[in-house]
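Participant: Taking the hints into account, I'd like the entire structure generated from these sequences.
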Amino acid sequence: MRTIIFLIKKEFLQIFRDKFIGKAIFGIPIVQMLILVPAITFEIKSARLCIIDNDMTTESRGLISKLEGSPFFSIVQATSSGKEANDLLYGNKTDLVLHIPQEFGRDLGLGKSAKVMASVNAINAMTAQLSWAYLSGVIRDYNIDIIVSANPAAAVMMASPSITYRYWYNEMLNYRHYMLPGILVILVMAIGFLLAGLNMVREMEIGTIEQINVTPVKKYQFVTAKMIPFLVIGLIDLAIGLGIGKLLFDIPFEGSLFLLFLCSAFFLVAALGMALFLSTISGTQQQFMFMAFFFVIIFILMSGIFTPLESMPLWAQKIDLLNPVAYLMRIYRMIMLKGSTFVDIGRDIFSLAAIAVVFTTLAINRYRKTA
Amino acid sequence: MKRFLGFVRKEFIHIFRDVRTLVIIFGIPAIMIILFGYVVSTDLKDASLAFLDLSKDDVTSELIERTCSSDFFRKTADLSGYHDVDRVLRSGKAKVVIVFGENFGRNLESGKNASLSIIADGSEPNTAALVSAYANAIISGFSQLSVPAGQASIPVIVPEVRMFYNPSLKSQFMFVPGVITMVLTLICALMTSITLTREKEFGTMEVLLVSPLKPVQIILGKVTPYFFLSIVNVVTILVLSRLVFGLPVKGSLILLLAESMLYIFLSLSIGILISAVAKTMQQAIFISLVGMMLPTVLLSGFIFPIENMPKIYDWVSSVVLPPRYFIVIIKNIMIKGTGFAHVCKETLILILMTVIMMGLAVRKFSIRLQ
Numbered sequence: 002m003r004t005i006i007f008l009i010k011k012e013f014l015q016i017f018r019d020k021f022i023g024k025a026i027f028g029i030p031i032v033q034m035l036i037l038v039p040a041i042t043f044e045i046k047s048a049r050l051c052i053i054d055n056d057m058t059t060e061s062r063g064l065i066s067k068l069e070g071s072p073f074f075s076i077v078q079a080t081s082s083g084k085e086a087n088d089l090l091y092g093n094k095t096d097l098v099l100h101i102p103q104e105f106g107r108d109l110g111l112g113k114s115a116k117v118m119a120s121v122n123a124i125n126a127m128t129a130q131l132s133w134a135y136l137s138g139v140i141r142d143y144n145i146d147i148i149v150s151a152n153p154a155a156a157v158m159m160a161s162p163s164i165t166y167r168y169w170y171n172e173m174l175n176y177r178h179y180m181l182p183g184i185l186v187i188l189v190m191a192i193g194f195l196l197a198g199l200n201m202v203r204e205m206e207i208g209t210i211e212q213i214n215v216t217p218v219k220k221y222q223f224v225t226a227k228m229i230p231f232l233v234i235g236l237i238d239l240a241i242g243l244g245i246g247k248l249l250f251d252i253p254f255e256g257s258l259f260l261l262f263l264c265s266a267f268f269l270v271a272a273l274g275m276a277l278f279l280s281t282i283s284g285t286q287q288q289f290m291f292m293a294f295f296f297v298i299i300f301i302l303m304s305g306i307f308t309p310l311e312s313m314p315l316w317a318q319k320i321d322l323l324n325p326v327a328y329l330m331r332i333y334r335m336i337m338l339k340g341s342t343f344v345d346i347g348r349d350i351f352s353l354a355a356i357a358v359v360f361t362t363l364a365i366n367r368y369r370k371t372a
Numbered sequence: 319m320k321r322f323l324g325f326v327r328k329e330f331i332h333i334f335r336d337v338r339t340l341v342i343i344f345g346i347p348a349i350m351i352i353l354f355g356y357v358v359s360t361d362l363k364d365a366s367l368a369f370l371d372l373s374k375d376d377v378t379s380e381l382i383e384r385t386c387s388s389d390f391f392r393k394t395a396d397l398s399g400y401h402d403v404d405r406v407l408r409s410g411k412a413k414v415v416i417v418f419g420e421n422f423g424r425n426l427e428s429g430k431n432a433s434l435s436i437i438a439d440g441s442e443p444n445t446a447a448l449v450s451a452y453a454n455a456i457i458s459g460f461s462q463l464s465v466p467a468g469q470a471s472i473p474v475i476v477p478e479v480r481m482f483y484n485p486s487l488k489s490q491f492m493f494v495p496g497v498i499t500m501v502l503t504l505i506c507a508l509m510t511s512i513t514l515t516r517e518k519e520f521g522t523m524e525v526l527l528v529s530p531l532k533p534v535q536i537i538l539g540k541v542t543p544y545f546f547l548s549i550v551n552v553v554t555i556l557v558l559s560r561l562v563f564g565l566p567v568k569g570s571l572i573l574l575l576a577e578s579m580l581y582i583f584l585s586l587s588i589g590i591l592i593s594a595v596a597k598t599m600q601q602a603i604f605i606s607l608v609g610m611m612l613p614t615v616l617l618s619g620f621i622f623p624i625e626n627m628p629k630i631y632d633w634v635s636s637v638v639l640p641p642r643y644f645i646v647i648i649k650n651i652m653i654k655g656t657g658f659a660h661v662c663k664e665t666l667i668l669i670l671m672t673v674i675m676m677g678l679a680v681r682k683f684s685i686r687l688q
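So the sequences go chain by chain: A and B. Take any residue in the first sequence, note its place counting from 1, add 1, and you have its number in my numbering. Take any residue in the second sequence, note its place counting from 1, add 318, and you have its number in my numbering.
You may find that some hints are simply not true.
As the list claims (entries may be wrong) - Among chain B residues calculated to face chain A with C-beta under 7 Å, some are:
| # | residue |
| --- | --- |
| 1 | Ser359 |
| 2 | Thr360 |
| 3 | Asp364 |
| 4 | Ala446 |
| 5 | Ile475 |
| 6 | Met481 |
Derived by calculation from the structure, the hints in this document are not laboratory data. Note that CB positions come from ideal geometry on N, CA and C, so glycine has one too.
Facilitator: See the structure below:
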């Protein structure tokens, strides 16, 4: 035990001897949280709409004023030239173009169905779908107006259920509440993973590990001592991040703080175990760094930070069972926003613990004291 | 010149000797394309859904069947009362619960107020918004279908839509430009900063400095191999995105490659600048990976549109964040197929940034030699 404590002291000295790293460990998460969190929002509040009105009748103006009344659309231009509208779309000056053709009012007056044509810039598929859904919603409302004014009796027939929406745990769908835990997890993960692994490889690369190898220090003692400082640093980083979230961004905190830190500790051991294992199979810092980069990218993209995990194919969801970031991402959001308890996330915690045990054991076994 | 070429040759040998790193350098873009192509998507699929049916009549059971028959939803639970709603949402068993009020069917048919609520798990705001929009669409579609056929003669407006540039609405169209930018930014900056700091850390830089090579030649010699590697990376991504997503380069390929080279230059000079500041490889890795990764991904318009951010981010990032211009350039050339005229502003800004970065990097570097 005493051996481990001395080794841990040595590790702390080694980490904080480098003034830059010592500051960056805490500085980078703080600065990035402050900068990134206010910036990110998926919320699409408005879309720019350009209208080509070739009809110029009461009917077309009725539709336009209906669109003007919608808070979602801001009309950038009303024109009668299709070319001008297409240029706007091409030059990214508008998101949608709605073309009302010449026969629009006449067709409606004759009791025929009238066509309108929408062109949507769909490079961002999600925004495109959403704007189109809003546009067709406005048109549907206008249709109901037309039907009801033509035949008041139809109002009954058109009765549709009155739908109310509730968003639990995040009434206003505040995106920051969702992203802040995600960003925090990624920063802590990246720092711990990279530094722990690099520290280990560095000792191998410059040969100082030989000095440890000739001492009676046991393998498990050495690996534990490499792990604990980063576990402590990771937990402190988390505490700072959560403090920033609570004080500055007012994110809710429904669940148990103890449970959150318990999960984080399991997660950090799992991630550090992986990092140390990777470091034992790489020869130079450069090799380790690229391997770490490779895995960190996969972990992050498959963690569900931007995208729902359910939309991944089944085989990917199976692979994700090995991804510690995915577990912690889910656990964080559940504990912080929903106040989930041990019963709800028990399985995730056990999986994290299992990953932690497996990779730490692998790292200890793989580390050879003999050259 | 001959000396310089010899030096470049030596650097190439260094790189090719380390096969594992080489595999990963080429593997990173490939795995990212595969992840974005097959795994990660923002599309809603199989969202877990639960029903609380207080009415239990023909209309509600038809609505339930209709909702579940779409690809978007998968029914995971039938609830017996309001107390269950919290349980399934909290444990994550369902992302959305649809509640039919009492006498739903009877009220709907008699034109009275039939109430229905959609309760979504707001802890995932994006999914919550999508889920409720889709559920709404399915339910409103039902109520229009139930209009008796006799009413069909009433004139209505029929909207048609054309999705420009991305007719099949693939989310990859947004991701590929981002992947290219991210790979180039991070790998170039990482590789150059590491290779230069490595020489410093191991003391071999002194050997290089006392050689007859000029400092500029040393830097250029170190960077040249990575320039070619990065071009190979760009080509790999373009070929893969063609094969995997069927996403062709609509505009001029030569223009796209030329712009990529410009951007590679810029990223390499950022790497050199980092190596001038960092004393050890750990520091260099820390700056270029931990410091640059998230801002590159989150602030450059890769995933989150810059227009949605507070104005100040737009201003600041237009000065300090080169990736945002490159993403626009690739989007325009690759997906919209525009010519040089539409990207010339962005190109000029990138050239200006490259000149400044190069200048700073060379200056910082030569000061260290005194």
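Participant: Return the numbers of the hints above that this structure violates; sort them in rising order.
Facilitator: none
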